[in-house]
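Trainee: Spelled out from the first residue to the last, the chains are:
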Amino acid sequence: MNYISVSNNQTINISLIPVIDYNTFFELNTGFIINRPERHCVNYYGYYFNGKIKLICCIADDSTHEIFLSSSLVELSATLDAFTSKLLCFEKFEREIHENFGIKFSGHPWLKPLRYPFNRFDKSQTIANYPFYSIDSEELHEVGVGPIHAGVIEPGHFRFICNGEQILHLEIQLGYQHRGIEQLFIEKKNLIQRITLAESIAGDTVVGHSTAFSHIWESLCDYKVSREIEFTRTIALELERIAIHTGDLSAVCTDIAYQLGSSVFGRLRTPIINFMQEWCGNRLSKGLIRPGYNKFPFDQLLANRLKNILDTFEPDFSEMCKQLFKLPSALSRFERTGVVSNDDVKSIGTVGLSARMSNLKRDIRLSHPYSLYNELDHEPICKRHGDVYSRVQIRKLEVKQSIEHIRKLLENIPDHLDNELMNSPKLNSFSISLVEGLRGEICHCAITDQKGELLHYKIKDPSFHNWMALALSVRNNEISDFPICNKSFNLSYCGHDL
Amino acid sequence: MIDNLKILYHQGKQFIPDVTTVVVPGIFRGRPIISREKVEIETLMKLCPTKAITSNPVAIDLGKCTFCGECAMQFPEKIKFTTDYKISANDRQQLIIKEGDENRIEINPKTVRDDIHRIFGKSLKLRQISAGGDNSCEWELNASNNVQFDMSRFGIEFVASPRHADGIAITGPISENMAEAVQICYDAVPEPKIIVLIGTDAISGGIFAESSAINRSFLEKYHIDLYIPGNPAHPLTIINGLLDLTRKQ
Chain A
1 MNYISVSNNQ TINISLIPVI DYNTFFELNT GFIINRPERH CVNYYGYYFN GKIKLICCIA
61 DDSTHEIFLS SSLVELSATL DAFTSKLLCF EKFEREIHEN FGIKFSGHPW LKPLRYPFNR
121 FDKSQTIANY PFYSIDSEEL HEVGVGPIHA GVIEPGHFRF ICNGEQILHL EIQLGYQHRG
181 IEQLFIEKKN LIQRITLAES IAGDTVVGHS TAFSHIWESL CDYKVSREIE FTRTIALELE
241 RIAIHTGDLS AVCTDIAYQL GSSVFGRLRT PIINFMQEWC GNRLSKGLIR PGYNKFPFDQ
301 LLANRLKNIL DTFEPDFSEM CKQLFKLPSA LSRFERTGVV SNDDVKSIGT VGLSARMSNL
361 KRDIRLSHPY SLYNELDHEP ICKRHGDVYS RVQIRKLEVK QSIEHIRKLL ENIPDHLDNE
421 LMNSPKLNSF SISLVEGLRG EICHCAITDQ KGELLHYKIK DPSFHNWMAL ALSVRNNEIS
481 DFPICNKSFN LSYCGHDL
Chain B
499 MIDNLKILYH QGKQFIPDVT TVVVPGIFRG RPIISREKVE IETLMKLCPT KAITSNPVAI
559 DLGKCTFCGE CAMQFPEKIK FTTDYKISAN DRQQLIIKEG DENRIEINPK TVRDDIHRIF
619 GKSLKLRQIS AGGDNSCEWE LNASNNVQFD MSRFGIEFVA SPRHADGIAI TGPISENMAE
679 AVQICYDAVP EPKIIVLIGT DAISGGIFAE SSAINRSFLE KYHIDLYIPG NPAHPLTIIN
739 GLLDLTRKQ
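Taken in order, these protein sequences are the chains called A and B.
Numbering follows my numbering, in which position 24 of the first sequence is assigned residue number 24; successive positions increment by one, without gaps.
For my numbering, add 498 to where a residue sits in the second sequence, where the first one is 1.
Think of the hints as simulated: they come from the structure by calculation, not from any bench.
Here the structure is a predicted model, which is why all the values come from computation and not from measurement.
Don't take every hint at face value.
If you want the footprint, here are the derived chain B segments under chain A, 3+ residues with CB under 8 angstroms [to be verified]:
1. 552–561
2. 594–604
3. 706–714
4. 723–733
Heads up, the beta-carbon is just placed ideally off N, CA and C, and yes, glycines get one too.
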């Protein structure tokens, strides 16, 4: 066999991942995906191994709930055939490998820097000199925005090529938020430091990333997690989704200058995050999720409180949504704006909401279930049009779905148990964890050495796949529609930059 | 029209009438109090992910603290986090809470620049810069201006252009890749101007303090007018900090 099949949150000995020559590796992994929309690449990365680079590719199959792992050992100075020449969804992964190790990929359409990490191969490349596409035309002009944007948001640079008011092309340059998180996972030796790092990957996906890290750590240490711990994680994941989706609906309303919607959705987010504070002392759930233990038991008192909050939240939320979606001035901004077709999302390999907006059913809660999602009969919400309207609708429907999931979970609250102590991580192991965050699939991969220490840690935020969808969505749209397209995706800068 | 009025009616009263005295609900980890109890100090210090706890005397640096509460949970007799959210200071040393210290953290009026009260006392416009932040402080800054906290009622707002601003508010540890943009933005703000650091990451680098990907040299060049701790800073901490700095007591 050229590959090994594992399931979500499984740890295997690293020697069990077959090491194959690059040509076979290329044929295998591109062959997995071509014409198979139920499969996509969840992670593809390299790390230094005995003076060479070991490439590890992880392909998930949503219908069989498997993840196919394969690897290849290549020379530092190698020139390799680009997966991207056949499949666009590898575009960012190969740029990352090129940027980190200097490996060249022939047939890659744009082998440009990705995030300018501090430990990049070619330090002469700096973020101020990104090689943007440019045009030589009397009629077209360029518009540069960022890294500092008008609002209180994260930094990134957008370069538009426009014909009058119409956007012909958008190129997105990121990397400003790079803090060296993956390297810090290796350098920081305490578990508490590492979970704090996981919480700081993306401040709006604290539960998502800290759950992924906790799952990977528990799997590495062969720790059996109690139902109670998984219960709190499931509740917290769904509350995080409700809070951020509601906040995003507010932001979308702000961008179409709809003050009522902006204020009402904005204030509706507050009771949800204030509940998180009542539960764990932090509005954005920092400090809640810990590997192998639960500091903040979820008791009947909290359950009653949450039920009350949701009971008052839901009618106000529904009322506001109903009003928003019958407002002609809102609909005219939402409908047929920022369209990404089903063919395009399949080709660029988007995940989460950015896939489901164009009827590509990708949802880890269903395809690679973890925590208590097996008990929830979760059915992903899909729309067909891939426009702003679809994205906003999905947010609305997912908020309601999350409320239903939470209500169902609250019917049966597990008792708080004292947790058993964790062992140390297994030696020479590889572990992978997938979690459906509010933007889509989060993937963490860890490798341990012969002493059980972390040798390599790899994080992939869903935004990594989805930024390209934003760039495509604005083509042929008015430049004034860019903010609403951007907000309807709400992608993470820090999750991408790491 | 009628539907809109109904919606307005259903919201009830949302704004917090007095953001300086309101009590935060549930658990809140604000200003800590450290007792004089004898504990195993080595174990206590090791618990802290950001080395915010030091010994002789036992102290917590709120500029480094991530407010995770691990220390208070394992040593409840030694450390207790109160719900006091007024933890901003204009002097970095004030953020270091020592054992036996039960006083509130207050802005030291002697070290506030003269022109701050006079010029920014009734109106303060800030340009926010996210420099390697994880978007949590950004969410809370936006929340500071929602209908509940409504910071703009005090004339404090975030503006789009540094040219319109009275100062900058930095979140995040300042990544190397943002260092130049921070400098350019600061230079574009007209004098007189202030610098506010919001969140643990901005004040000390937080969990990223030892990362090779950050560059904090900008902060060494200028006087910092206000430190607003938190991970992320709570909207009430942000609003009270800015008010205490700019208003005459």
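Trainee: The structure should be examined with respect to each hint, and the outcome stated for every one.
Mentor: Verification of the hints:
Check result for the region 552–561 of chain B against chain A: violated, 0 residues qualifying (beta carbon to beta carbon below 8 angstroms, three or more required). Only when three residues or more bring their CB closer than 8 angstroms to a CB of chain A does the claim for the region 594–604 of chain B stand; here the count is 0, and the claim is violated. Remark: the region 706–714 of chain B is confirmed as covered by chain A, as 6 of its residues place a Cβ nearer than 8 angstroms to a Cβ of that chain, reaching the required three. Counting residues of the region 723–733 of chain B whose CB falls under 8 angstroms from any CB of chain A gives 3; the rule of at least 3 is met.
The earlier numbered hints that this structure contradicts are 1 and 2.
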